[in-house]
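Chemist: Given the coordinates of chain E, assemble chain Y onto it according to the supplied hints.
Here the protein sequences line up with chains E and Y, keeping their order.
Per the numbering used here: the first sequence = residues 2 to 334.
Per the numbering used here: the second sequence = residues 589 to 929.
Everything labelled a hint here was simulated from the structure, so no lab data went into it.
Check before you lean on any hint, since a few could be wrong.
Output of the computed footprint for chain E on chain Y, the stretches with three or more beta carbons under 8 Å from beta carbons of chain E [as the list claims (entries may be wrong)]:
1) 677–686
2) 704–715
3) 732–743
Just so it is clear, CB atoms sit at the ideal spot from N, CA and C, and this is done for glycine as well.
Read off the chains here:
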Amino acid sequence: MRSLVFRRTLTAIPLLLGVATLVFFALSLAPGDPATLFYPIGASPEVLDQLRRSLGLDDPLLVRYFKWLLGCLTGDFGVSLSPRYYQLPVRDVILGVLPNTLLLAGCSLFLAFVVGSLVGVFQATRQGSLIDSVLSGCTLFFYSVPSFWLAVMLGMFFSVKAEAFWGWPVFFPASGVASPGADSLSTWGQVLDRAHHLFLPCLTLTLVMAGGIARYVRTSMLEVVRQDYIRTARAKGLPESRVILKHGLRNGLIPVVTLFGAYFPILLSGTVLIEYVFTWPGMGRLMVDSVLARDYPVVLGGTFLFGAAVVVGNLLADLLYGVVDPRIRDAHG
Amino acid sequence: MSLLEIRNLRTHLAVPGGIARAVDGVDLDLGEGGTVGVVGESGSGKTLLALSILGLPPGGPDQIIDGSSIRYRGEELVGVGNKRLREIRGGEIAMIFQEPMTSLNPVFTVGDQVRESVGLHTSLRGRAGKEEVVRLLGEVGIPDPSARMRDYPHQFSGGMRQRVMIAMALAGKPSLLIADEPTTALDVTIEAQILDLIKETQTRLGMGLLLISHDLRTVSKVCERLVVLYAGRVVESGPTAEVLASPKHPYTRGLMGSRLSMDDRRKSLRPIPGEVPEATSWPRGCRFHPRCGEMIPRCRTREPDLLPLEAAAPDSGGAVGPTTGVRKARCWLLGETGGGA
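Isolated chain E (complex conformation) (with noise of 0.2 Å):
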């Protein structure tokens, strides 16, 4: 198991590299000069050039790239562009904002494969029932939805017109990471006030995720409990519980973990849609405003992230199927 993690997070370097070097020239192609974006259109050809002789966009492309692998090493992205955050340094725009989307999407990953993982296990166990059908509809539903279509309908039913939709108050802020003044509140009212702004956001997310991740699972056990060794378990007289979370669920999660993987980048990369309707600041949100405002810094050093969650989540699900089933941590070890 050692010389997995060893093998595996040695290729992952390489990958690195190379997303740097795509995320690099892939950028240095796009059109427009930053420096006109930064001043006023009119500004003397002097002051732009020094601007940009400033931000060492004068220099030649090999030169700006190697400057550029060396900031990725170092964590240093450069300085923002964007009136916003004027002259900020990248690595702070982004830890700024990361911590939302990081409790977003990790609040999500976590419930969206708990949630996921029970209601396909369930269906496996009753396949072809009633209950099994109107759960397939379920997550075939929530899985094929567009996020963003479920993000302004749960915002209607919980929120905008919750009380003339439940005939009742249920309130549940459709927009932010926290009410107006909520600093003066005490710890405890913080932790609340923002898990009150999650929920919807977070409802959205697990549902989009849960129903692809139900449907994934419901198919691996249904293969797991053909298999011969449950039918051993069961001849030594284990109870079905026992049998099916046991020797079923070990074996039929080893599929789910190719969907960690890939569902893994939400946690730096966050989303795009969802962030936005319920405007929530998290990366994906800074991304796109960013990309709007022609904010290459902060865009490139977002890419990486990206690219680099990527690799990353990709490296744990290997390192997980080495967890889950021993076969593959023999074969590679």
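Modeler: What follows is chain Y alone, placed relative to chain E:
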């Protein structure tokens, strides 16, 4: 009181295309410490018969039709509660399966899996439980058991996995061992070792053994009595030596003709033509008649009963107990009353 007494066992499965009457009125007796072999081709209902005894047909115990009776030491198992059934599984009646490669859970160590059975059916816990696992694994011939118990199934060969399955089956100190084609998936060289192990363990622990196989030779090595199954029904039964010396049913003769003999190299193979029909639509009359070379008109219309043969050896009854005894066969050629052919 016999160890196992099956009367009119019918297990019907709902399949696409109708109801598969895969086990359809089977009678079977097994005495304490006795050995019975169940023989038949694929599709004759052997495995389902075994699974039914444990209440484990693929679609649940409900597939065992009312009127079926499986008595274990006089206790009716058909319709018994889940809790009692779980005590019996592994604790009274243990089973080993055909596919050692897939019958062990790939994500748990073999030690864990044997220990699970120990924990279910004995009071041994903790250190004592672990020692019991080592003892069991050693008993079935796994070298260096205290180290190998930490290995996973994929680190074992097929024969070794089957030994683990046997250790797991022995963990609950069962009185009856059901072995469903335990050697079919193994190399011929390993086959003899595993059969010897099963036979030796059965004798030493005084367990009853129900050995299921498609291979008459396998069964004849181990079992005192033989039950030949065709299309969900018993077509012939009796003491192994007698059945093999003078098979009464054309199907039994067909099975014997389908194997090569080391003694008579000039003898050519005489396979049974065709294959077992679909369990959703057994033929009318005798279920074997479409493939039978000795068919008479009556075979097509009426099914013969399983009747005792007059020629049953009278002296074998007392010697080994209820495991031996009368010979029976189900064939019109033996006459209306089932008299000797």
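Chemist: For each hint, tell me whether it holds in the structure or not.
Modeler: So, going through the hints one by one against the coordinates:
For the region 677–686 of chain Y, the stated coverage by chain E is satisfied: 6 residues place a CB nearer than 8 Å to a CB of that chain, which reaches the threshold of 3. With a threshold of 8 Å between beta carbons, the proposed coverage of the region 704–715 of chain Y by chain E holds, since 4 of its residues qualify and at least three are required. With 3 residues having a beta carbon nearer than 8 Å to a beta carbon of chain E, the region 732–743 of chain Y meets the requirement of three or more and the stated coverage holds.
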